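Using the sequences provided together with the hints, build the complete structure.
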Amino acid sequence: MKNVQDVYKLSPAQREFLARPSAPEARPAHVRWSFRQGLDEAALESALRQLIARHDALRTAFFAQGMSEPVQVVREKAEPRLEQRAEHPEAFSLNPSNAPLLRATVVRDSPESGTVVLAYHPLVLDEASARVCLRELFLLYRAARDGSEAGLGKSRPHRDFMAWLEQQDAREAERRMRELLRGAPRSRLPAGWRVGPREGAPAGPLPEGEGALQRFFLSPAATARVQAFLRQHTLELATLLQAAWAVLLHQEGQGEDLLFGTFTTPLPAALSGGGTLVSRLSPLVPRRLQVPSRGTLLRWLRGLQAEHAEARASDHAAPSQLRSWLEVPEDTPLFESIVTAELEDEALGLLARSLGFHAITHATAVLPAPLVVRAAQGPRLVLRFLYDPGQLDSTAVARAAEHLGALLEELALRAEQEPSALTPPARATGSPEARASTGARTVTVGAHFGAAEVEAVLARHPAVAQVSVRPAPEAPGPGALVARVVPERPAAGARKKPGFGLFFFANEDASTRDRYRLYLEAAKLADRNGFTAIWTPERHFDEHGGLYPNPSVLSAALSTVTERIGLRSGSVVLPLHSPFRVAEEWSIIDNLSGGRVGLSVTSGWMPNDFALAPDNFEHKREVLFHSLEQVRELWRGGAVSTRDGAGNEVRLRTFPRPVQPELPVWLTCPGNPELFEKAGALGVNVLTSLASQPVEEVREKIALYRAARARAGHDPAAGTVTVMLHTFVGRDPDEVLDRVRGPLTQYLRTHLRLQQARVHSLNLQVDIDDPKWLDSLATFAFEQHYRMSALIGTPTSCLSMVDRLVEAGADELACFIDFGVDGDRVLEGLTALSELKQLAEDDSLRLHRVLSEHLDERLPGRPPVAFELP
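Take 0 as the starting number for the sequence shown in numbering that gives the first Met the number 0 and just add one per residue.
Rather than coming from a laboratory, the hints here were simulated on the basis of the structure.
Treat the numbers as computed from the prediction; the structure is a model and nothing was measured.
Ideal placement from N, C-alpha and C gives every residue a C-beta, glycine not left out.
One or more of the hints may lead you astray.
Derived DSSO-like pairs: lysine-lysine, alpha-carbon spacing no greater than 27 Å straight-line [stated by the list, open to error]:
1) Lys153 <-> Lys8
2) Lys495 <-> Lys677
3) Lys523 <-> Lys495
4) Lys8 <-> Lys76
5) Lys153 <-> Lys1
Here are the computed distance ranges between Cβ atoms for each label pair [to be verified]:
6) Arg298 <-> Gly254: 18 to 28 Å
7) Gly254 <-> Ser112: 23 to 33 Å
8) Asp823 <-> Ala479: 33 to 43 Å
9) Ala680 <-> Asn549: 23 to 33 Å
10) Phe540 <-> Glu40: 52 to 62 Å
11) Leu412 <-> Ser67: 55 to 65 Å
12) Ser112 <-> Ser775: 32 to 42 Å
13) Pro328 <-> Glu173: 19 to 29 Å
14) Glu806 <-> Thr295: 25 to 35 Å
15) Ala52 <-> Ser843: 26 to 36 Å
Here it is as structure tokens:
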């Protein structure tokens, strides 16, 4: 036979797909992405050719006619299919007997932009394998475009999987599945979620493009807590998601014995390693969970994880077999709900964006159940609810999405408690009139969301006390709405408005000529946009922070190019200097700037720094506070005793006299509670950071500071607490993450000792000094740090961190911006940081923006909504 490499049998699912090509699960699926910076079609065709040659599953054709048993034939060669079209294809047709069952279509909007659609047949790939192929396609495309190596390892033939499947005991597999399903309840959703059947709609699955989509994003902090919990207990997101879904159904009155569908992901142990294997490896299977009445949630989760950790032959039963065992009629979906977690592949998104590719989406031909819930990792964990709006009430789906998100976080936070400790679902909210007049029945197939759905989503937002949504009297667009919102915090100015400053600590880079460009340009931009201060550190004899050996000289430079912004040290290592020189230098800057100086002081801790004053190292803390007292006295115009060159005791004053009669002083408090109390007793301000302590600890130490001020007779509310934190704000959360991941991970790697407390808090049994752990620990530190201890994200996503710090007692934020991100990108990001500052200052603007983006996240494709506030 010509062009034949191999021939073998079909799996049960493949056999059924081939016999019933019109079945929903047998129709071609596709993945698409957009490009904005051109597309090298020759490189794409070359990449397709290499991908098809690499995986025999992609060169496979299927034959049944005239045969006693169908077979799949692996071709030795199969030419790639790359098409160009003027419009997006509405449907895909792939002949199973004509390999390759993979086709790429390019649709250009302009010479530089457009969309690529990669269609594939479910006979040869499932969604997980399609993602693997997509990543390899991108790597091969880059290699073909740039003339480089793709760096792919070896692949594994599909025959290995088929051989494993044939070796399994079919009778034992059927017995196991029947045992699992014995006495199982029907897969059902709560009756209260349902609406009547779609008028005139054909029976059977809904085409996916006609389904409705709602999303729920966990906050960055909640995402970090969930991921830390999964890592600590070696659990998979799929396990947590399925448990949360079972709890939700249980709380909705569906009993303790729950059944729904999911897609298996683990490969058999016999097939792990040995190269990349792609095929149809993740079938749709039943998931039966018993919600326990007693015992801890963690024990339950561990049991679920162990129960389904190994792939089994019974997972590969044909859909018709499952239908028979479950006694589900032919015209009814196998499951009313399917829940699945997408495997984390951050490298795919990063790789795509580096090639100018964006908006990767995966779609099947039909919606396989009335409700499909997908969880996906990212900067914020996202839940996607894809559903049939002709069967399910969209407002009920909105509440379910929010409650499932809350349960995911609660399972992580309350793992040592019993299931009864979990929060029950919220009941219907919103005005009765809106629900009566614009209920889910107004959301017909292909239509926009209506007032009821918008109101249901807004009503659950924590910033909203009351809301009513109506059609706009003068609609600016189709279905436009007006939302009348009563804020949860209606009083103007009720939320404290924090100050925003910029903090610098860049490394010395010998390859850079214009070393202070970012420092100067950022200061001028911050000055124009009403920022509070520029913080300049002091660092000696080390590349790390090496650009800043003298904050007074650099602040003097800033005084001539800025007009309003405060010029502060962050910090002066006071034991290294004469108090007289410190008072003189900063008094000059105070005059040059018109009274804008502030001084944060510290004792220092690096022995090399004390080459400038070696006698002070042993008693640096005592020297700090004695020198600070002298500097403050000199600033006020007082005289301080010292010895002159002849050894005589003299009392000296410093000149020129400063503009400010009292020197604004901050005490740098890295984390020691005693320093916070000392700052309170002295009546000075505090400069602290999130580099080595979480927000919760900062809250406790600020309380100590305020109490110490009160005990010393100072106004406890008068002192200023400034918190330094890594900052990079942009428009696109994925691009922001791409920018900061490398620099911030490297920064944290060099400061891994600061992460030791986090490692111990998670009971990770690792030696932090072992080099083999450095990379993994730095990666873990990054994932936790950027979500829970930094201002990294979009203007609106960063508001939650601003709120956390303000609620903890912070008065100002010192935004550390030069930790390694390219200088031009940092300057671009300051525009978005200024927008964040504006949102934090303007309650009305903030509420409009937050609610608008919240609706965009939760209800993609929503109608225009105008907001009316009291």
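Against the structure, the hints:
1. For the hint linking Lys153 to Lys8, the alpha-carbon distance of about 24 Å falls within 27 Å, and the restraint holds.
2. Pair hint Lys495 plus Lys677 holds up; C-alpha atoms about 25 Å apart against a cutoff of 27 Å.
3. Using a Cα cut-off of 27 Å, the hinted pair Lys523 and Lys495 holds, with the two alpha carbons roughly 26 Å apart.
4. A C-alpha spacing of about 20 Å is found between Lys8 and Lys76, which places the hinted pair at or below 27 Å, so the restraint holds.
5. For the suggested pair Lys153 and Lys1, the alpha carbons sit about 26 Å apart, so the restraint of at most 27 Å is met.
6. Checking the proposed 18 to 28 Å range against Arg298 and Gly254 shows it holds: the Cβ atoms sit about 21 Å from each other.
7. Checked against the hint of 23 to 33 Å, the C-beta distance between Gly254 and Ser112 comes to roughly 51 Å, which is inconsistent with it.
8. In this structure the supplied range 33 to 43 Å holds for Asp823 paired with Ala479, their Cβ-Cβ distance being about 40 Å.
9. Here the CB-CB span from Ala680 to Asn549 is close to 30 Å, well matched to the stated 23 to 33 Å.
10. About 55 Å separates the C-beta atoms of Phe540 and Glu40, a value consistent with the hinted range of 52 to 62 Å.
11. For the hinted restraint 55 to 65 Å between Leu412 and Ser67, the CB-CB distance of approximately 58 Å keeps it satisfied.
12. At about 39 Å, the beta-carbon gap between Ser112 and Ser775 stays in the expected band of 32 to 42 Å.
13. As the Cβ distance of Pro328 to Glu173 is approximately 21 Å, the hint placing it in 19 to 29 Å holds.
14. The hinted range of 25 to 35 Å is satisfied by Glu806 and Thr295, whose Cβ atoms lie roughly 30 Å apart.
15. Range check, Ala52 to Ser843: Cβ separation about 60 Å, and the 26 to 36 Å hint is violated.
Of the numbered hints stated above, those contradicted by the structure are hints 7, 15, listed in ascending order.
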